[in-house]
Structure formats: structure tokens, C-alpha cells
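> In order, the protein sequences belong to chains Z and D.
Using my numbering, the letters of the first sequence map in sequence onto residues 1 to 130.
Using my numbering, the letters of the second sequence map in sequence onto residues 1001 to 1382.
No lab work stands behind these hints, which were simulated from the structure alone.
Hints may be right or wrong, so weigh each one.
To be verified - Far from chain Z, by Cβ distances over 10 Å, these chain D residues were calculated:
#1 E1028
#2 F1075
#3 S1184
#4 P1193
#5 D1196
#6 D1273
Said to hold, decoys possible - Restraint ranges, calculated between C-beta atoms of paired labels, are given here:
#7 Z:R22 x D:G1134: 20 to 28 Å
#8 Z:G87 x D:K1035: 48 to 56 Å
#9 D:D1306 x Z:R103: 24 to 32 Å
#10 Z:L41 x D:E1028: 42 to 50 Å
#11 Z:V51 x D:G1298: 55 to 63 Å
#12 Z:D117 x D:G1298: 38 to 46 Å
Here the structure is a predicted model, which is why all the values come from computation and not from measurement.
Built from N, CA and C at the ideal position, the CB exists for glycine as well.
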Amino acid sequence: MPADTAAPGPEQAYFDALADGRFMLQHCNACGENVFYPRALCPHCGADALVWREASGRGTVHATSVVRRRPEQGPPYNVVLIDLEEGPRMMSRVETIAPEAVRIGMAVTAVIDRSGDDPVVVFRPAGGGA
Amino acid sequence: MSGLRGAASIAGAGTYGLGEAPGQSELEITAGAVKAALEDAGLKAADVDGVFCASMTYNMGSLTLCEYLGIAPKFSDSSMIGGSSNLAHLLTAMMAIATGQCDVALVAYGSNQRSMSGRLVSTSRPDPFESPYGPRQPITSYALAASRHMHEYGTTREQLAEVATAARAWAAMNPDAFLREPLSIEDVLNSRPISDPFTVRDCCLVTDGGGAVILTSPERARDLERPPVPVLGGAMAHWHRAITNMPDLTVTAASDSGPRAYAMAGVSVDDTDLVQVYDAFTINTIMFLEDLGFCAKGEGGAFVEDGAIAPGGRLVVNTNGGGLSCCHPGMYGIFPLIEAVRQLRGDCGERQQANPEIALAHGNGGLFSSQVTLILGTDGTL
Ligand SMILES: [Zn+2]
Chain Z
1 MPADTAAPGP
11 EQAYFDALAD
21 GRFMLQHCNA
31 CGENVFYPRA
41 LCPHCGADAL
51 VWREASGRGT
61 VHATSVVRRR
71 PEQGPPYNVV
81 LIDLEEGPRM
91 MSRVETIAPE
101 AVRIGMAVTA
111 VIDRSGDDPV
121 VVFRPAGGGA
Chain D
1001 MSGLRGAASI
1011 AGAGTYGLGE
1021 APGQSELEIT
1031 AGAVKAALED
1041 AGLKAADVDG
1051 VFCASMTYNM
1061 GSLTLCEYLG
1071 IAPKFSDSSM
1081 IGGSSNLAHL
1091 LTAMMAIATG
1101 QCDVALVAYG
1111 SNQRSMSGRL
1121 VSTSRPDPFE
1131 SPYGPRQPIT
1141 SYALAASRHM
1151 HEYGTTREQL
1161 AEVATAARAW
1171 AAMNPDAFLR
1181 EPLSIEDVLN
1191 SRPISDPFTV
1201 RDCCLVTDGG
1211 GAVILTSPER
1221 ARDLERPPVP
1231 VLGGAMAHWH
1241 RAITNMPDLT
1251 VTAASDSGPR
1261 AYAMAGVSVD
1271 DTDLVQVYDA
1281 FTINTIMFLE
1291 DLGFCAKGEG
1301 GAFVEDGAIA
1311 PGGRLVVNTN
1321 GGGLSCCHPG
1331 MYGIFPLIEA
1341 VRQLRGDCGE
1351 RQQANPEIAL
1361 AHGNGGLFSS
1371 QVTLILGTDG
1381 TL
């Protein structure tokens, strides 16, 4: 096996780091852009010069929706797009406040939710609000 | 003008099983539409030597359909870019005809999505970076874009509802439409909430149905049964797949495909007599009218107010009732195309417009992702 395929690829490496409690983004050493979701090649310049950096966890709600269900299927829940401080955008949810209370422009902070089968990055209002 | 302008004309169009077709398979529905389109053109299956078919269930759609119909094509294409695939196929078929790869192209689509009621198996791998958050796809993706359009431009819930009420008013004049009873703005706002800001009436139908068109050279089309509909311009563009990666949630790649299609056609927005756009959700019509140049960015909500795109309004939009009220069998792209053809040929009965000459048909695929714009004309515009 060639050396460069012996290690896990960026997608697996991302989820491995998340399982270890670290939320990582990629940074391109060729063009300086930050990248999410994790890739083998930089989508901005094409270089294979992506290195891992830990995310600050700070972000802003860019768009929000509340998914409504029939009562027997469970309560409504929130789905958002978050603009990360480093530049990339990601889908997530904002927890600890009512799903309808999530507002575009709201400052949020990432936490890693390990309550499910796989760890996921979720957000809470910044400053420990609500 | 581009060398592809008018390189092929639509010689036939047909639909089958719109609404509910219980007990019919996808291929049976597609074959019904193919038969209708061939009869419309006055051609036989043996005349077809190019086949274009994307399917939600068969990942080699043209192979499956050709075998079913007994066609051995010289050229085929099963490319899948979501609901705009059928319109993209028209562009490829034009190139195939212009370069001699085929002479008579069949573009066909069908689905029994409604009758299968959720038993269709998705062929798409779940997105590991979105699916953990439970977006109800595709609805939540479009809802997120709508939330952003409302935030940036003040687009209102009532303006979104206007799109649905206009579509329903057109559907009332279309005997093939699935939902035809009157619909008010209050009805839309008070229907079952799905993914904010959308209620079920902001979302396209789930129906069965198939559609097919026959494309050939302009010369051959003139010798056939029906008035030819030349394809004057066409262009496609896509900038993302998942909604998370849409560069600007309020601007679609229709803002690129539209101007290039018009440039090829050598006509403008002002020359356009009618507009058929893929209205998967109410926000789609608003954003496409902006991106295609019928109003400025951010003004789409105000543009559709007061029945402006309903019958008798300032712009003729989605005269069949659209995906919101006519039909939406999984992918809707071929139906705005067929409605444009029928309007240009004068087939539309009560909803027929007076002597239209230039029509726009626009397809959307994925999550506001793939955009295909076609400009169609009458033979006199060629
Ligand atoms: Zn780069």
C-alpha cells in the first residue's frame, strides 16, 4: 500500500477527532482559505495542502428553520446554517432554547454532542445565554 | 448568435398518468407518455435513434427505457442532475442532432411516486455533514433559503403564499391539474406546518405522472404533424449540491443560465410572452423571477403580490398550475417544458394565451442546485 493511502482520509480523520472531543477545520497552506466539510483537495485553489486546525467554535446563525412533526412523531426541532468565525458554513442545530427562538444573526458557540451513536457538532447561544 | 440556436425543434409532446395512476409501474407510466408524444409528432418508436431518460429509481435510465420500448439507439444519455435533468437532456439532444449523432431524440420521464407512497428507495447516499441534524429533505433546504430571503429582503409569508394561490388559479383552468379547488392566502398560511416558513401548501405535490418530448431537426419537424417549436436558446449551471454549500442562499445559478440562454436565443426578458419555472416550493418562483431577470434581486416578493402572476396578472407564469397544483411526480422538469410547447402551439384551451411567440422553460434540480434555462419559440421566430 502506498504511504499516502495508509492513513485515514480527511473525512474519517474529522470524525475520529470529533470522537476525541476536538472540532477540527482544514486550512489551506497554499491559498490561506479555511475549508469545511473536510476534503482531499482545496475547493478554492485545488492544492493538496490542507492541514488541520482546531475550530474556535464561535459562529453566527445564517439561516434557520423549525421542522414540524405530527405530535406522535415528537416535538418540533431546529435546523440551522451556521457561519463559522473561520469562514466556512455548516449545518447544525441550536440547543438549549426553543427552536422558534433561534434568530438569524444570533451569536452561538459550538459544543460536541455525544449523546447519540456518533458525535455531532451542535451550537448554543454565545455567553451561556438561556 | 450561437451555432446551436434553433439547431433542433420539438416535434411532439405528451403526458400520461398525471395525478394518480394506481397499479401502474414507473415504466408503464413513462411508456404512456412516450406513446402520446410519438402520436403527437406522427412518428413511431422505430424512428427514434436517440434516447434521453433520467429516473429516480433506475440509475441507468436510458438503458432501462430503451430495452422496455425495444429501441436500439445510436446515442443515449441518462445523466442525473435532479429535477432539471430532462431540460439538460434537451440541450444535449440538440448537440447530438446538430452533430449527426442522432436524428430523432426522445426525452422521457415518469414516476409512480404517489402510488408508491414512500416505498421508493433513494439512490442517494446520506450527506454525513447534514443528515445528523435531521433536515426534512428537500423541504428544509429550501426553507433555509426562504428564511434568508425573508431576512435580507423583507419577503413576507403572505408573498410566498401568493405564489401558491396564483398557481392554483391557473390549475383551475387545467383539466389535467391534480388540485383545482380555490386556494386563499389564509388557506396557505393555516395549512399544516412542515418546515418553517413553509406549510404543506408552500410545497410541491407528490403525484404520479410521466412526460415525453420528441426533438428533431427544424427541417424534419416542419414535415411532421404539429407546428414545430424550435429551441432558440439553452444553458445550464450549477454551483453546489447541498444547501450548506450554496454560495448565497438568495441567488441561484439561474442568474447564470438565464442570461446565457437568452444570449443564444437572441431575445430578451421583455420579448418573453410566458414563463414556466420549476416551482418545487413557493420561494422558487420568487427567486427564479429575480434570477432570470423579470425583477430585481430582492423584489420578487413584491413582484408577485396582488395576483401579479395569477391569470390576468402582469406576467404569465406557470399556466398549467405548476408543481404546486398541477403535478410533481418526483422530478417536475419536463412538465414546464411541455406546458411551454403547448402554449406556443395553441393547445391550452381555457388557459391558452393569445398568440405567444417566445416562452421560457426553467428547470431546477437538487437543493436550488442545478439550473437549466431553455428559450422556445414558434417557427416564425427561427
Ligand atoms: Zn487553497
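> Taking the hints in turn, state whether each one holds.
How the hints compare with the structure:
1. E1028: Holds, because the least Cβ-Cβ distance between E1028 (chain D) and chain Z comes to about 33 Å, which exceeds 10 Å.
2. F1075: holds (33 Å)
3. S1184: holds (21 Å)
4. P1193: violated (4 Å)
5. D1196: Not fine: 4 Å to the nearest Cβ puts D1196 (chain D) too close to chain Z.
6. D1273: holds (35 Å)
7. Z:R22 x D:G1134: 20 to 28 Å: With Cβ atoms ~24 Å apart, the hint holds.
8. Z:G87 x D:K1035: 48 to 56 Å: holds (54 Å)
9. D:D1306 x Z:R103: 24 to 32 Å: Since D1306 (chain D) and R103 (chain Z) have Cβ atoms about 30 Å apart, the given range 24 to 32 Å holds.
10. Z:L41 x D:E1028: 42 to 50 Å: holds (44 Å)
11. Z:V51 x D:G1298: 55 to 63 Å: Cβ of V51 (chain Z) to Cβ of G1298 (chain D): about 39 Å, so the range 55 to 63 Å is violated.
12. Z:D117 x D:G1298: 38 to 46 Å: holds (42 Å)
Checked against the numbered hints given earlier, this structure breaks hints 4, 5, 11; the rest are met.
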